[in-house]
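Asker: The primary structure of each chain is shown beneath.
2 protein chains.
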Amino acid sequence: MKSVKGNLLIAQSGGPTSVINASAYGAIKEFLSLGSGHKVYAGVYGIQGILEKRIIDIDTLNKNTIETLKYMPSSAFGSCRYKLKDYDENEEEYEKIINIFKKFNITYFLYIGGNDSMDTANKLSIYMNKIGYDANIIGVPKTIDNDLVETDHCPGFGSAAKYVTNIGIEIWSDINAYKKESIMIMEVMGRDAGWIAASTGILKSVIPDINQLIYLPEISFDKDKFLIDVEKAIKKNNKLLIVVSEGIKDENGEYINANKNEIDSFGHKQLGGAGRHLQNLIKENITKNVKLIELGVTQRCAIHCASKTDIEESEIVGRDSVKYVLAGYSGYMTALERSSNDKYNCVTKLVKLQDVCKRVKNVPLNWINEQKNSVKDAMIDYIQPLILGEINPFNENGLVKYTDINFFR
Amino acid sequence: MKSVKGNLLIAQSGGPTSVINASAYGAIKEFLSLGSGHKVYAGVYGIQGILEKRIIDIDTLNKNTIETLKYMPSSAFGSCRYKLKDYDENEEEYEKIINIFKKFNITYFLYIGGNDSMDTANKLSIYMNKIGYDANIIGVPKTIDNDLVETDHCPGFGSAAKYVTNIGIEIWSDINAYKKESIMIMEVMGRDAGWIAASTGILKSVIPDINQLIYLPEISFDKDKFLIDVEKAIKKNNKLLIVVSEGIKDENGEYINANKNEIDSFGHKQLGGAGRHLQNLIKENITKNVKLIELGVTQRCAIHCASKTDIEESEIVGRDSVKYVLAGYSGYMTALERSSNDKYNCVTKLVKLQDVCKRVKNVPLNWINEQKNSVKDAMIDYIQPLILGEINPFNENGLVKYTDINFFR
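Residue numbers (our numbering), protein chains in the order written: chain A, 1231 to 1639; chain B, 1231 to 1639.
Source of the hints: derived by calculation from the structure; they are not laboratory data. Keep in mind it's a predicted model, so treat the numbers as computed, not measured. Errors might be hidden in some of the hints.
The list treats identical chains as one, so a pair stands whether inside a single copy or across any two.
With a Cα cut of at most 20 Å, we get these calculated SDA-like pairs of lysine to any residue [unchecked claim]:
(1) Lys1631 <-> Ile1437
(2) Lys1409 <-> Asp1634
(3) Lys1521 <-> Gly1503
(4) Lys1521 <-> Asn1441
(5) Lys1538 <-> Asn1625
(6) Lys1538 <-> Asn1622
(7) Lys1409 <-> Leu1281
(8) Lys1513 <-> Gly1503
(9) Lys1410 <-> Asp1346
(10) Lys1409 <-> Ile1286
(11) Lys1434 <-> Lys1631
(12) Lys1521 <-> Arg1506
(13) Lys1553 <-> Ser1233
(14) Lys1538 <-> Phe1624
(15) Lys1538 <-> Glu1620
(16) Lys1453 <-> Asn1510
(17) Lys1409 <-> Arg1311
(18) Lys1409 <-> Arg1284
(19) Lys1631 <-> Glu1620
(20) Lys1283 <-> Tyr1312
(21) Lys1518 <-> Arg1311
(22) Lys1410 <-> Asp1634
(23) Lys1283 <-> Lys1332
(24) Lys1313 <-> Asp1585
The shape of chain A in the complex, shown without the other chains (with noise of 0.2 Å):
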């Protein structure tokens, strides 16, 4: 490793999930257990809070503060949602940084976030390449949507997984308790892949007699194929449990009931209504008996339910950053690489930002069943090791620690 050359700035953007601050918490740790006498500086409200100079000193919190961020949901330090433009557009943003990063005399820094902020970290390291400026930039990545390329899988999607195959059982039994017929749709994320719908594949692992189907956006929704799945599967059984990615859309790519006129501040499409659609579809055209559940924002942030692996593996992404930025590395994003299934291990690699941002990782068509309604066993294989394991996430008051998150701010 070379000499520690200046300070780190770590911050996070895009979505929370339950084991964000994991990996804030490994760069932290990995950092500050170096005694290099340089300091870790985060951004608060990620690169937005950034530009309005919100940067707070890791060395004026708390140690035990510091400590509570290993099983902490949602973003610490504030996140955001603002994507750089690329400088040609508006250099001036990018000289903005410059001068922040001169004034904390910051030379590394850590950019937590999914797509849309892998995208960020590489244009900044680009520029800084470009002018010059001796930083080293990497993106860790984040997600509960599990959907960057070039690597294994996210941090934040093992717990996501963890929360919603939990509640799958949980609903199966509920649904279960009565004699009449009885279909229930659980709504849960992703937007652009189907990773966390698909991993409650893995109830037929301990349900075998389950009556489930699966609706993903890696497959053009058809209604009439999907009426047609429900009809045959409650003639087999009365209860049917429906998984239905948010992000489902038909043959033109168009999301299925998305309200077309409200959108994020990425530019996206705001979703909701898929599961409500399969709803309104099988009210009109089957049964009256069927419920729908949205999940909702708990999916990542139920850190009473989180992967031990899932935040074992977070903490580790954090601290091989720190690793890698030191050593040198510029631009890339730290990946995680799986030995195998048998016996689960994962490192780290690194992986070119350039390689990762502005693409989207789907679930493998051939993980998909043949019906199209269901995923095979590669898929159950592949989400098994990633939510093993639990925490104890509770005080001796029965509920879930909590740090005040002003406190990071």
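Since chain A is already given, all that's left is putting chain B on it; use the hints.
Answerer: For chain B alone, coordinates are given in the frame of chain A:
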């Protein structure tokens, strides 16, 4: 205790909970531990299944399977929403039941359920008494809504409250991720009483500066006051958590945004839409930055976040119900009596079924704050002991233990 004169029948009714099977478990284990040579039967799908002679002999179940009952959500023996009519309206049904009792030599009957189920148990008990049939009937309370009178609280409520309060903490963390204004509405169950929503008052004991509003069915919903509450709250802090019972009503007692055409088979109006209504009010009058989460059935089946206290009490209520029914009591419900909050202890006592059925226990008005949008410390003191303790419901595969519900039917 008198000598055991015949067999025990147990059955489950109404909405499932995470712990209704723990009561069945307690009853079965207690009766069999006596070694009387008499049998335990279970009615499949409650009184409706009993009328169809769907009776299973617990001896035919695998012993390990019985052990899984203690930590199994949903109604293992099947539930129903079926109310017995008065016997002068439909004596035939009562005669059917008597014939089944005779056929299986049933002299003890425990009916596990909520308000409507206590009514059924009461009617049966009165009828048996009238015709001089020697069977003792006891109601075993169960409802996440916590709205049975004459008992300190109801088995099932503690686990629902534990899940909802923990999700509340996690969602509060989540909505604080971004800098921008963020209002989250969390709709929880509670048709007639607001106990589940009120339980989230405990959030302020761990998040002293939480910005939270709570709306209960106990207080007529006033749209104008609601909008003033919200405007005032977001001036103080642009993050706001609003918790609302599905059963809030207007000044005329009409459900807010209820779909008046849909009723369930108990004749209750099908709710849903209170949270959506509040969201629309805020969108139309204050801000677009408002999201909704409807926790739905997860509240009654999330065994992964069950209260250990609740599970243990549910088992005790089942065990003590056997003791009471064998001692010759009939026409009673086994209630819970709390000694004190400081050193929480709960024991069972008997209360008359006729004093329980057709009544609703509401959140006391003097536990609600003056502004009618939150709860006082008395509510927090009440809820705290009920959510204490955790179980480990997970298998080594990272998923909650699952028993095929068909094993019990």
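Asker: All hints, please: hold or fail.
Answerer: Checked hints:
1. Within a single copy, lysine 1631 and isoleucine 1437 get their C-alpha atoms only as close as 33 Å, which misses the 20 Å cut-off; across copies the closest is 11 Å, which meets it.
2. For the identical chains of this complex, lysine 1409 and aspartate 1634 are inter-copy neighbours only, at 15 Å across copies versus 46 Å inside a copy, given an alpha-carbon limit of 20 Å.
3. In this homomeric assembly, lysine 1521 and glycine 1503 come within 20 Å of each other (Cα to Cα) both inside a single copy, at 13 Å, and across copies, at 13 Å.
4. Proximity of lysine 1521 and asparagine 1441 under a CA criterion of 20 Å is satisfied intra-copy only: 15 Å inside one chain copy versus 31 Å between copies.
5. For the homomeric pair lysine 1538 and asparagine 1625, the shortest alpha-carbon distances inside one copy (17 Å) and between copies (14 Å) are both at most 20 Å.
6. In the homo-oligomer, the alpha carbons of lysine 1538 and asparagine 1622 lie at most 20 Å apart both inside one protomer (10 Å) and across protomers (14 Å), since each shortest distance falls under that limit.
7. Taking the closest pair of Cα atoms, lysine 1409 and leucine 1281 come within 20 Å of each other only across two copies (14 Å); inside a single copy the shortest separation is 59 Å, beyond that limit.
8. Taking identical chains as interchangeable, the C-alpha atoms of lysine 1513 and glycine 1503 lie at most 20 Å apart whether they share a chain (15 Å) or sit on different chains (17 Å).
9. With identical chains, the CA atoms of lysine 1410 and aspartate 1346 are at most 20 Å apart between copies only, with a shortest distance of 19 Å across copies and 46 Å within one.
10. In this assembly of identical chains, the alpha carbons of lysine 1409 and isoleucine 1286 lie at most 20 Å apart only when taken from different copies (16 Å versus 58 Å within one copy).
11. Only between protomers do lysine 1434 and lysine 1631 lie at most 20 Å apart by alpha-carbon distance; the minimum there is 13 Å, versus 33 Å within a single protomer.
12. Both within a single protomer and between protomers do lysine 1521 and arginine 1506 lie at most 20 Å apart by alpha-carbon distance, with minima of 9 Å and 16 Å respectively.
13. For the identical chains of this complex, lysine 1553 and serine 1233 are intra-copy neighbours only, at 11 Å inside a copy versus 75 Å across copies, given an alpha-carbon limit of 20 Å.
14. In this assembly of identical chains, the alpha carbons of lysine 1538 and phenylalanine 1624 lie at most 20 Å apart whether taken from the same copy (14 Å) or from different copies (12 Å).
15. In the homo-oligomer, the alpha carbons of lysine 1538 and glutamate 1620 lie at most 20 Å apart both inside one protomer (5 Å) and across protomers (17 Å), since each shortest distance falls under that limit.
16. Within a single copy, lysine 1453 and asparagine 1510 get their C-alpha atoms as close as 11 Å, which meets the 20 Å cut-off; across copies the closest is 29 Å, which misses it.
17. Taking identical chains as interchangeable, the C-alpha atoms of lysine 1409 and arginine 1311 lie at most 20 Å apart only when they sit on different chains, with a minimum of 10 Å there against 47 Å within one chain.
18. Taking the shortest alpha-carbon separations for lysine 1409 and arginine 1284, only the inter-copy value of 12 Å comes in at or below 20 Å, while the best intra-copy value is 58 Å.
19. For the identical chains of this complex, lysine 1631 and glutamate 1620 are neighbours both inside a copy (15 Å) and across copies (14 Å), given an alpha-carbon limit of 20 Å.
20. For a Cα distance limit of 20 Å, the shortest separation of lysine 1283 from tyrosine 1312 inside one copy, 15 Å, qualifies, whereas the shortest one across copies, 64 Å, does not.
21. Taking the closest pair of Cα atoms, lysine 1518 and arginine 1311 come within 20 Å of each other only across two copies (17 Å); inside a single copy the shortest separation is 39 Å, beyond that limit.
22. For the homomeric pair lysine 1410 and aspartate 1634, the shortest alpha-carbon distance between copies (18 Å) is at most 20 Å, but the shortest distance inside one copy (46 Å) is not.
23. In this assembly of identical chains, the alpha carbons of lysine 1283 and lysine 1332 lie at most 20 Å apart only when taken from the same copy (12 Å versus 81 Å across copies).
24. In this assembly of identical chains, lysine 1313 and aspartate 1585 lie within 20 Å of each other by CA distance solely inside one copy; the values are 18 Å within and 64 Å between copies.
In summary, this structure violates none of the numbered hints.
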